[in-house]
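Undergrad: For reference, the chains in residue letters:
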Amino acid sequence: MRVTVGSGTACLRAGRTGALIGAVLLGLALEAPAQETEPFEEAMPIAPDASIRVYMEAEGSVRIVGWEHDSLQATGTRTAGVGKIGFGGDEGSAKVSYWPDKEGGTGPGEVNLEVRVPATATVWVKLTTASVDVTGVTGGLDVYTVKGDVRVSGSPSELSAESMGGRLDLSGDAPTVMAKTGSGPITFRGESDNVTLVTVSGRITVTGPHLKRGYFESVKGDIVFDGELAKGSSVKFKNHHGNVELRLPETVGAEFTVTTWEGDMRSEFSVDTATVDERKGGKVRTFTVGKGFASVEIDNFGGEVILRKH
Amino acid sequence: MTERKEDIDGATRAEEDLLGSELRALMSSLPKELSPDRDLTAEIAAVTWDSRSTPAQGREAGPPAADAVSPGRRIAWSSGHSWLLAAAAAILVVVSSTLTVLVMRAGDEGPARTATAGRGAPAAYGAGFASAGFAEDLRVVATEYEAAVAELRAVLEANRDALAPGTMEIVEENLAVLDLALRETVEALQSAPADAQLQETMVTTYERKLDFLRQAVALTAEI
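Chains as they are written, first to last, in the numbering used here: chain A, 1 to 310; chain B, 1 to 223.
Take the hints with a grain of salt, since some may be wrong.
Restraint-style ranges between C-beta atoms, simulated for each label pair [claimed, not checked]:
1) A158/B x F293/A: 48 to 56 Å
2) P165/B x E278/A: 44 to 52 Å
3) G290/A x P165/B: 46 to 54 Å
4) P48/A x A194/B: 52 to 60 Å
5) M168/B x E114/A: 28 to 36 Å
Keep in mind that the hints were calculated from the coordinates and are not lab data. Yeah, the Cβ is synthetic: ideal placement off N, Cα and C, and Gly gets one too.
Input sequences plus hints: build the corresponding full structure.
TA: So, in structure tokens, the structure goes:
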């Protein structure tokens with residue numbers, strides 16, 4: 001990161017003593033470890049339906065923006081003298097990449113990159129620790145990070161996002177959404193025909209969706225669904241240790257099948273007519289709320305199932 | 001284009017080599033068609049999760065499978081590590097084949113049986129089951145999964161230098177969570193071995209384990 005010495009030195013104008021102290025402090029600041037950055041800028045023409053890959057092994061961030069031009073542009077900064085940046089391809093496919101100099105002992109460095117792609121292009125992104133923010137892509141989008149956070153907004157034709165350690169924040173109206181994390185939370189806001197969200201220990205939060213089909217699974221994290229269930233829609237929730245909480249409108253119409261083992265179920269909706277199938281150590285409840293146009297299946301081993309009105 | 005074709009051919013050869021003649025013979029003896037007696041949409045969605053050839057092709061919501069290396073991902077993410085990904089794929093093909101046999105026979109004959117030779121299931125899986133038949137079936141499934149997990153771990157260990165710092169810690173943390181869930185599920189199965197949902201939970205949790213290892217292995221390959 002470039003060290004910038006700017007204003008904010010009014011206190012040092014008090015006199016020679018102040019100036020001397022200021023000079024000493026400035027000297028100390030300049031001695032602190034600081035890495036110089038250097039700018040990066042490349043561009044090339046590319047087809048609107050091109051396949052574009054972005055690969056980066058570095059700290060930092062990547063911002064990907066879909067735009068209405070038939071060109072690919074990458075701009076940003078990177079730690080000077082560390083790693084290699086690649087940029088190239090042809091009209092049908094291109095790649096923007098960064099590799100660290102693993103043998104040089106300089107570390108991965110930091111890269112902050114903005115990549116502008118044709119909105120309708122198909123885009124793959126694979127990063128290690130850097131975070132990524134994608135907007136305006138209407139073609140297919142596949143994002144994968146090791147620890148970096150992922151944020152996607154807009155309407156990709158289909159979206160796949162995975163992170164082992166980072167968080168996923170997805171919003172928009174992609175027809176199909178597939179997302180998966182290890183420990184990071186997943187948040188989805190928007191509408192979709194098909195949504196599949198899976199995590200091991202992260203929390204899943206789904207807000208305001210208009211879903212046709214949904215599958216939400218966690219092993220340890222809570223799952224919270226706050227939205228509407230469209231007529232004919234089908235959603236399934238599966239958890240092991242976390243809770244499953246549904247916040248639904250009073251007028252909801254759905255058929256529920258709720259299976260619990262060690263946990264229990266609480267409901268603000270009437271479940272007096274529920275059929276209960278007691279099993280060894282488990283319980284399966286089947287009941288209908290309202291007209292029952294949607295199908296809801298919940299399977300929770302150790303956590304609670306909570307049905308709330310919103 | 002040439003590189004992509006070589007990747008596919010190499011992966012296919014590796015899968016064939018690792019399957020072995022016995023399993024290939026067993027697979028070829030299976031019927032070509034079976035009519036499902038229930039809605040298989042979720043399972044199909046699971047299979048197609050990673051089977052796309054582009055980032056996006058018609059998929060429906062459902063549990064993603066631990067498909068180690070789908071054709072799409074193999075093409076998309078391959079480089080000099082394609083052999084490694086192919087090996088991971090082959091391991092999971094073996095597991096999937098065994099499960100297919102179990103499921104098919106279970107549909108016709110009640111408690112499932114399998115001809116696959118076990119490699120010595122962990123003592124925790126199967127011991128103490130009330131029903132010997134289901135216990136044996138579950139032990140076989142667990143054995144195959146544990147073997148696949150062990151092999152993927154070995155692949156990962158051999159390539160851990162290629163992983164970003166901290167990746168193994170993330171993998172281990174999540175595997176620990178999944179192991180706990182597995183232990184609890186197996187304990188519950190010991191008193192209710194025929195419970196389909198518990199069986200599904202066990203399989204799903206194993207799939208997650210494999211999925212994590214598959215993800216980690218894929219991390220060693222550049223796109």
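Undergrad: Are the hints correct? Go through all of them and say.
TA: Each hint, compared with the structure:
Range check, A158/B to F293/A: about 53 Å between beta-carbon atoms, so the 48 to 56 Å window is met. Remark: the range hint 44 to 52 Å for P165/B to E278/A is upheld by a beta-carbon distance near 50 Å. Checked against the given bound of 46 to 54 Å, the beta carbons of G290/A and P165/B, roughly 52 Å apart, stay inside it. Taken as a hint, the range 52 to 60 Å holds for the pair P48/A and A194/B, whose Cβ atoms sit roughly 55 Å apart.
A beta carbon spacing of about 31 Å between M168/B and E114/A agrees with the range 28 to 36 Å that was offered as a hint.
The earlier numbered hints are all upheld by this structure, with none contradicted.
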